[in-house]
Structures are given as C-alpha cells and as structure tokens.
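There are 2 protein chains.
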Amino acid sequence: MKLTGRYLEDFAVGQTFRSGRLQIDKERIKTFGAEFDPQPFHLDEDAARDTIFGGLAASGWHTAAVTMRLLVESDLKPAGGIVGAGADEFRWPRPVRPGDELHIESDVLEVRPSRSRPDQGLIKVRTTTFNQHDEAVQIIIANLVVRRRPAQRGEETDATELVDRAS
Amino acid sequence: MKLTGRYLEDFAVGQTFRSGRLQIDKERIKTFGAEFDPQPFHLDEDAARDTIFGGLAASGWHTAAVTMRLLVESDLKPAGGIVGAGADEFRWPRPVRPGDELHIESDVLEVRPSRSRPDQGLIKVRTTTFNQHDEAVQIIIANLVVRRRPAQRGEETDATELVDRAS
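Chains A and B, in that order, give the protein sequences. Oh and the first sequence: position 32 is 790 in the working numbering, straight run, nothing missing. Oh and the second sequence: position 115 is 873 in the working numbering, straight run, nothing missing.
Any given hint could be a false lead.
Treat identical chains as interchangeable: a pair holds within one or across any two.
[As the list claims (entries may be wrong)] Derived lysine-lysine pairs resembling DSS-like cross-links, with alpha carbons at most 27 Å apart:
id : residue 1 : residue 2
1  : 784       : 882
2  : 835       : 882
3  : 835       : 788
4  : 835       : 784
Keep in mind that the hints were calculated from the coordinates and are not lab data. All values reported here derive from a predicted model rather than from experimental measurement.
Model the full assembly from the supplied sequences, consistent with the hints where possible.
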C-alpha cells in the first residue's frame with residue numbers, strides 16, 4: 759500500500775472534509791466494552807438501566823475508534839497518513855446508543871510548518887462526530903503531523919541550470 | 759454487577775492510583791488497526807518500515823482503549839463508574855510497539871462539586887501510560903463525572919428527630 763495524499767501545502771484554514779456513515783452495532787458495543795472498558799453501562803442492557811447513562815451506551819473509546827475509521831476513509835488523506843500528535847480538546851457531549859449511525863465533519867483550523875523539522879508541519883483539525891439526528895456525540899481538536907511537499911524535479915533542474923550557467 | 763466505590767468526597771488532590779500491566783500483542787495491533795485505523799503503520803511490518811513510525815506501531819486509539827482497561831482495573835473506582843466528560847490535554851509522546859507492556863499512573867489534580875447538579879461533581883485526573891522502560895506513551899488529563907455521597911441514614915434520623923421535637 760502506497761501512501762499518497764495531501765501535503766502541508768495542500769491544506770488551508772477553512773477546508774472541510776466529510777465521511778460516509780458507520781452504524782454502531784449493539785453486540786460490538788458489548789465486546790468492545792468487555793475488552794477495553796468493562797463497566798455495566800457498556801456490557802448489559804439491564805445493568806445499564808440504573809447508571810448515569812440510563813441504558814446501554816458505547817464506550818467513548820469505541821466512539822473515538824470509529825471516528826478514526828471514518829477519518830481515515832474521508833478525503834482528508836494527508837501524505838504519510840493520519841498521524842496524531844495529540845489533542846487540544848476532546849469531549850463526548852452525548853452518548854452513542856446501539857444502532858446509532860455516525861458520520862464526521864473535519865474542519866481545518868490551522869496550518870503551520872514545523873520550526874524544528876523542515877520536512878513536516880502540523881495541521882489543527884476539529885473533527886465532530888454526529889449521530890443520525892445530527893447531534894454531536896464527540897468533538898476533538900487534534901494536531902496532525904503532515905509532510906511538506908518534497909522539492910520538485912523541476913526545481914532541481916533549475917538549480918543545476920544555475921550552476922551550469924555560473925560555471 | 760453492583761457499582762460501588764469512591765464518592766466525590768473520597769477524592770483529594772494529590773492522590774495517585776496505579777494499575778497492573780497489560781502486554782500489547784502484535785496480532786491485536788493489526789486487527790485493531792484493520793477495524794478502526796487501517797493505515798500501513800498499524801497493519802503490516804514491511805509497509806510500516808517506510809513510514810514516520812519506522813515500523814509497526816499500535817494505533818493511538820488502541821493505546822487509549824488499553825489505558826481505559828487499566829484505569830477500570832485500577833483502585834480509582836469512582837462510585838457510578840468511570841464516566842469521562844472529556845479531556846483538557848491528550849498526547850501520544852511515543853509510539854507503542856508490539857510486545858510493549860503498559861501500565862498507568864493516575865494523579866488527581868482537582869476535585870469540585872457541580873454547580874448545576876447537587877448529586878455529582880467532577881474530578882480532573884492526569885493519567886500517564888508508561889511502557890516497560892517507564893517511558894510515557896500517552897498522557898491524558900480527563901474530567902470525570904463522580905457521584906456525591908448520598909445523605910446518610912444517620913442524617914435522615916437527625917432530621918426526623920428535629921421535626922419530632924418541633925411538633
């Protein structure tokens with residue numbers, strides 16, 4: 759698999775990227791919960807009823823993982839892949855329920871070259887995950903490491919021509 | 759499964775909670791990647807070599823999910839479960855590699871009652887995930903919703919006594 763896609767120079771503040779939809783399956787909520795977040799509200803309908811969620815809900819980390827899947831499949835596609843350095847903000851305003859259908863919208867908030875690494879830069883992207891009622895279930899403002907566009911063959915030729923002319 | 763554990767009143771700034779250890783399996787890195795983060799550096803050793811990671815690495819969301827598992831099994835145990843409202847900071851300073859053995863340390867940074875909900879409060883907890891070399895692979899500062907201790911039977915009796923005496 760070859761990584762191609764957008765370089766830092768191809769991103770601009772104000773760009774928006776959208777995804778397809780993924781449905782959250784009840785059984786996957788439970789198996790994800792059993793492996794990574796074994797608490798009653800992620801494991802069993804009856805036990806979930808008396809909790810703060812009032813019923814079965816997906817682990818926030820399940821929502822985060824599905825959001826990543828949607829982001830990888832969106833048109834964002836940075837050259838070198840989606841590599842997160844971390845997040846400035848991260849919230850789950852509403853639980854995800856069995857059968858919910860999620861999609862995302864990613865807005866580019868900032869684009870800047872790295873001070874220490876001339877071959878890369880950072881983009882700040884706010885990704886909002888919505889359910890089928892267009893209610894936000896997760897908001898994350900993440901910093902992604904993105905490659906800068908390598909020097910073009912054309913530019914190299916130009917440099918050689920300058921040397922040629924100077925000699 | 760009955761939820762018992764610490765109420766807001768049982769948490770104090772400066773408390774530290776630790777976990778056991780969990781090893782990250784190479785095959786699980788790949789299957790997690792295939793389901794949630796299908797990018798070359800999470801799927802295949804050869805394809806990962808030429809990427810920013812220079813080899814196979816766990817998805818950051820896999821690291822986050824395993825961290826949650828460690829946190830659920832730690833002594834933190836808030837009454838009502840570990841319910842995250844979101845995070846103020848979230849970073850992956852170092853990749854997680856196949857075979858890495860992770861553990862966590864959680865420090866309570868803040869404890870405060872809710873202004874709008876008299877039955878609950880928030881604690882701010884910094885959870886650092888370490889590998890077997892005690893290098894941090896994830897740092898998250900999360901806000902958790904925690905129940906306040908319900909009125910005690912003793913206090914109710916006192917109130918009744920006051921009414922009795924007043925009548």
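Hints versus structure:
1. When the C-alpha separation of residue 784 and residue 882 is checked against a cutoff of 27 Å, the pair qualifies neither within a copy, at 33 Å, nor between copies, at 30 Å.
2. Proximity of residue 835 and residue 882 under a CA criterion of 27 Å is satisfied intra-copy only: 14 Å inside one chain copy versus 34 Å between copies.
3. In this homomeric assembly, residue 835 and residue 788 come within 27 Å of each other (Cα to Cα) only across copies, at 20 Å, whereas the closest approach inside a single copy is 31 Å.
4. Proximity of residue 835 and residue 784 under a CA criterion of 27 Å is satisfied inter-copy only: 25 Å between copies versus 30 Å inside one chain copy.
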